[in-house]
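So the chains spell out like this:
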Amino acid sequence: MEELILNIKSSIQLSAEAEEYLRTISKEKTVAKDSILIREGQSVNSIYFVKDGCLRSYCVDKKGKEHTLQFGIRNWWISDYIGIHNNEPAILTVECLKESKVIEFNAKKLNEIFEPFPEYEPFQRKLLERHVVSLHQRILNQLQLTASERYALFLEQYPDIEQYTHNYHIASYLGITQESLSRVRVEMAK
Amino acid sequence: MKALQLIKYGAIEDSLRINEVDKPSVKASDVLVEVKAAAINPIDKSIILGNLQGLLPIPIPSTSGYDVSGVVVEKGDEVSQLEVGDLVYARVPQDQMGTIAEFVAVDALAVSKKPGNISFEEAASIPLAGLTAKQSLDYVGLKENDKVLIHAGSGGVGSIAIQYAKAKGAFVYTTTSTTNVAWVKALGADRVIDYKTEDYKTIVHDADIVFDTLGKEYTMEAFSVVKSGGKVVSVVGPLDEDSAKAFGMAEYKLPEELSTVIKETGASYKFIFMHPNGSHLAEIKSLMEEEKIKPIIDKVYPFNESIEAFNHLASGRAKGKIIIKIN
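Just so you know, the protein sequences line up as chains A and B, in that order. So for the first sequence, the working numbering puts the first residue at 4; every next one is plus one. So for the second sequence, the working numbering puts the first residue at 160; every next one is plus one.
Don't read these hints as lab results, they were simulated from the structure. Beta carbons are placed, not taken as given, at the ideal position from N, Cα and C, and that holds for glycine. Mixed in with the good hints there might be a few duds.
Just a few of them, taken from the derived set where beta-carbon distance is under 8 angstroms, the chain A residues facing chain B [what the hints assert, rightly or not]: (1) Arg42; (2) Gly67; (3) Asn170.
Pairs of lysine-lysine, PhoX-like flavour, derived with a Cα cap of 20 angstroms [said to hold, decoys possible]: (4) A:Lys65 - B:Lys272; (5) B:Lys453 - A:Lys66; (6) B:Lys204 - B:Lys478; (7) B:Lys458 - A:Lys68; (8) B:Lys327 - B:Lys344; (9) A:Lys68 - B:Lys451; (10) A:Lys104 - A:Lys32; (11) B:Lys453 - A:Lys68; (12) B:Lys484 - A:Lys68; (13) A:Lys36 - B:Lys272; (14) B:Lys272 - B:Lys453; (15) B:Lys375 - B:Lys360; (16) B:Lys355 - B:Lys478; (17) A:Lys112 - A:Lys32; (18) B:Lys375 - B:Lys412; (19) A:Lys32 - A:Lys101; (20) B:Lys325 - B:Lys344; (21) A:Lys66 - B:Lys272; (22) B:Lys453 - B:Lys478; (23) B:Lys458 - A:Lys66; (24) B:Lys484 - A:Lys65; (25) B:Lys272 - A:Lys101; (26) A:Lys66 - B:Lys484; (27) B:Lys478 - B:Lys458; (28) A:Lys65 - B:Lys458; (29) B:Lys272 - A:Lys68; (30) A:Lys36 - A:Lys101.
Bound-form chain A, shown alone:
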């Protein structure tokens, strides 16, 4: 938690009371590989900050196949924001791909931080902007780049991730089949 608090304080002035509030609405946890933190169909109560390790959010289509939305690695936040925003059951599942250290925040209370502690707002806004930039970039890459180019960028953004992911996790994240991913890898190896 200390590292996160320091990170927050590098962006904004955080009062002792706000810091205490953040501590009371959060819990540090070590999560085992294959654990499910958020399950599709259940209420979304938490937002996770990843201190170390890797989480993955995915949806399941009508046919029963998984599609990766996001990998949550060190210093990233991950949850089902659609469920939180719409106050509806989760449409995503968040699972742990390797043993991870996370800070679990009560989603409702984190969203209520602004009234007592309006100074927190710029930090939250920057986080959201970072998230939007990442999503826009991903959409633009999907529209403009080849599978090989997208895979190369993916490896830059997520070094070592292939040690603890399945090929289909990555293939679905990139929007390609597993066969295409294999071909891309073969081409890159040449």
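With chain A held as given, fit chain B onto it using these hints.
Same frame as chain A, now just chain B:
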């Protein structure tokens, strides 16, 4: 709930009906699965025709089907390894037969989460055939560089056995007919033998393992191609004596002809009874997620066309599994 039921033994059209029945009750060790898809297997057809009344006595009416993929919607108090919402697949135990229905209660130990990269329909195609292949080849200790002969490479069991054996690093001989040679080769088999134009007995020599899925003369012929000290494993041949005793047949003796050839070759013989096993399905799940085993589907039928699905199975023309989509 709706369920496809065997209402009497006999021809498929006369023996199957979609009935309205009670949802199954869930024991403490069970999960209740909302069925998304069920696969049909040759054993289902044999049951309908009445060929297995002695071996597998079942009440009439009974819901048909052993293979399932779906969603856990309820779990018993003793179940800890699965949760409501898990996407799963299973080959259900005999006394819980009845997957061609909207819901099925299954002992949780027989259930595994399904591979995430395949659909419910594809997952349903795997359990019975996959467990048969894996349990047979694991029993005889199949390992890297072993030479293994797998008959009927285009069949449900054979096609998965080829892929499983290749995942283990074995050298795979298989037999199939001319029309299936290309796609069976694509499964990874090293030497595909077209039985219409080639005699496999002149091609396969000193195999470490023969996986017999054809029975009759093929069980005996296995001993002409297996090496001295090799292993023959069968799912259709005569019982071996240990398996028969485990089945309550204390006086059973191996047929003399088979007993003689076993002694002459120094090879071993084992009959495998496939059994439901969630842990084994979890191992298969890992291989499927790495695409070392891929499902092979012939056709998917809607629930209300179940009889057509069984007729298609009975035609013997299917290349791959026949699936019934339930929900």
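Now the hints, each set against the structure:
1. Arg42: holds (5 angstroms)
2. Gly67: holds (4 angstroms)
3. Asn170: Because about 6 angstroms separates asparagine 170 (chain A) from the closest Cβ in chain B, which is inside the 8 angstroms limit, the hint holds.
4. A:Lys65 - B:Lys272: holds (17 angstroms)
5. B:Lys453 - A:Lys66: holds (16 angstroms)
6. B:Lys204 - B:Lys478: The given pair, whose Cα atoms are some 17 angstroms apart, holds under the 20 angstroms limit.
7. B:Lys458 - A:Lys68: Distance of about 18 angstroms is within 20 angstroms: holds.
8. B:Lys327 - B:Lys344: holds (17 angstroms)
9. A:Lys68 - B:Lys451: Judged against 20 angstroms, a Cα distance of about 17 angstroms means the pair holds.
10. A:Lys104 - A:Lys32: holds (6 angstroms)
11. B:Lys453 - A:Lys68: holds (14 angstroms)
12. B:Lys484 - A:Lys68: holds (15 angstroms)
13. A:Lys36 - B:Lys272: holds (15 angstroms)
14. B:Lys272 - B:Lys453: holds (16 angstroms)
15. B:Lys375 - B:Lys360: holds (16 angstroms)
16. B:Lys355 - B:Lys478: holds (17 angstroms)
17. A:Lys112 - A:Lys32: holds (18 angstroms)
18. B:Lys375 - B:Lys412: holds (17 angstroms)
19. A:Lys32 - A:Lys101: It holds: about 14 angstroms lies between the C-alpha atoms, which stays within 20 angstroms.
20. B:Lys325 - B:Lys344: Roughly 12 angstroms between the alpha carbons, so the hint for lysine 325 (chain B) and lysine 344 (chain B) holds.
21. A:Lys66 - B:Lys272: At roughly 15 angstroms apart (the allowed maximum being 20 angstroms), lysine 272 (chain B) and lysine 66 (chain A) satisfy the hint.
22. B:Lys453 - B:Lys478: Holds. Lysine 453 (chain B) to lysine 478 (chain B) sits at ~14 angstroms (cutoff 20 angstroms).
23. B:Lys458 - A:Lys66: holds (15 angstroms)
24. B:Lys484 - A:Lys65: holds (12 angstroms)
25. B:Lys272 - A:Lys101: holds (18 angstroms)
26. A:Lys66 - B:Lys484: holds (10 angstroms)
27. B:Lys478 - B:Lys458: This hinted pair holds, its Cα atoms lying about 9 angstroms apart.
28. A:Lys65 - B:Lys458: Holds - the C-alpha atoms of lysine 458 (chain B) and lysine 65 (chain A) are around 18 angstroms apart, at most 20 angstroms.
29. B:Lys272 - A:Lys68: Judged against 20 angstroms, a Cα distance of about 12 angstroms means the pair holds.
30. A:Lys36 - A:Lys101: Satisfied, since the Cα-Cα distance of roughly 4 angstroms is no more than 20 angstroms.
Consistency with the previously given hints is maintained throughout, with no hint failing.
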